[in-house]
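The working numbering applies: residue 105 is where the sequence shown begins, and numbers increase by one.
Think of the hints as simulated: they come from the structure by calculation, not from any bench.
Keep in mind the model is a prediction, meaning the values are calculated, not measured.
Glycine residues also receive a C-beta, built at the ideal position from the N, C-alpha and C atoms.
Each hint should be verified, as a subset may be incorrect.
Cβ pair distances, simulated, as ranges [as the list claims (entries may be wrong)]:
| # | residue 1 | residue 2 | range |
| --- | --- | --- | --- |
| 1 | 239 | 145 | 30 to 40 Å |
| 2 | 147 | 241 | 32 to 42 Å |
| 3 | 192 | 255 | 29 to 39 Å |
| 4 | 257 | 203 | 35 to 45 Å |
| 5 | 162 | 195 | 37 to 47 Å |
| 6 | 287 | 202 | 31 to 41 Å |
| 7 | 162 | 204 | 45 to 55 Å |
| 8 | 143 | 191 | 13 to 23 Å |
| 9 | 258 | 206 | 28 to 38 Å |
| 10 | 155 | 204 | 34 to 44 Å |
| 11 | 222 | 185 | 16 to 26 Å |
| 12 | 296 | 230 | 14 to 24 Å |
| 13 | 167 | 144 | 32 to 42 Å |
Within a straight-line C-alpha distance of at most 30 Å, the following computed DSSO-like cross-link-like pairs (lysine-lysine) qualify [to be verified]:
| # | residue 1 | residue 2 |
| --- | --- | --- |
| 14 | 206 | 163 |
| 15 | 163 | 227 |
| 16 | 163 | 149 |
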Amino acid sequence: MKLQIQSLSWFCIVLAIFWARANPALSDQQQQPFSFQVDKGDLAKAEKLANQLAALSPKVNRDEATLLANCAFATVSKLRREYRMFGTPIFNNFLIYHGLRKRGYCYQWSEDLLIALDALRLKSLELHWGEYDPNTWRENNCIVVTARGQPFKRGIMLECWRHLGHLYFGPVASDWETYVENSAYAQLVRNKAANSKVSERNHPVALQTGVVERPKTHN
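Let the hints inform the model, and build the full structure from the sequences given.
This is how it looks when you write it as structure tokens:
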């Protein structure tokens, strides 16, 4: 009887160790239920973006790079339909300014994209807020993706406004617009996302100055 009890105890210990090791893997699988429908015309671009993200560092998880790329293209396509983009980017700003469109300013693209990508809860990649010529009518915003722990300037930019809602990506350091990081505004977007008030602060982009009240907080 004593031998049987000892054998049963060892079996329970082995079973507990096996479950402890298997459970994190199961949890990771449960945390990745995402699936995104990328437009057929964007599939090759999404794969190219995933390749660039994976090349940021050997520590970048390839599955996460693919997930982020697919999410970015699917999200931007969805927003393009919701924003009902028309004409040129500046003309679209004109429509928003006069109340004929609800959203579509450069910072609104980046806010909505940041919120969508944040939901992925990525571990090997980080998201940053980039801005060009801040506090002027020429200001433009983008999301910059880096490997975890990498500096902003090493990242890949995701920009939606310049091409009327078609995602542009490439190294932020070599873009013709010189972007700087504003981590404070990224945090503001994240903090305000729950109550949908992220766009009530002033961004002096073309044809928008004076529509809202308070200035954007910078680093």
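Evaluated hints:
1. 239 to 145: 30 to 40 Å: holds (36 Å)
2. 147 to 241: 32 to 42 Å: holds (36 Å)
3. 192 to 255: 29 to 39 Å: Given a distance of about 34 Å, which is inside 29 to 39 Å, the answer is holds.
4. 257 to 203: 35 to 45 Å: Distance hint for residue 257, residue 203 holds at roughly 38 Å.
5. 162 to 195: 37 to 47 Å: holds (44 Å)
6. 287 to 202: 31 to 41 Å: holds (33 Å)
7. 162 to 204: 45 to 55 Å: holds (48 Å)
8. 143 to 191: 13 to 23 Å: holds (21 Å)
9. 258 to 206: 28 to 38 Å: holds (35 Å)
10. 155 to 204: 34 to 44 Å: The hinted range 34 to 44 Å holds for residue 155 and residue 204, with Cβ atoms some 39 Å apart.
11. 222 to 185: 16 to 26 Å: holds (21 Å)
12. 296 to 230: 14 to 24 Å: holds (20 Å)
13. 167 to 144: 32 to 42 Å: violated (22 Å)
14. 206 to 163: violated (40 Å)
15. 163 to 227: holds (10 Å)
16. 163 to 149: holds (22 Å)
Checked against the numbered hints listed earlier, the structure breaks hints 13 and 14; every other hint is satisfied.
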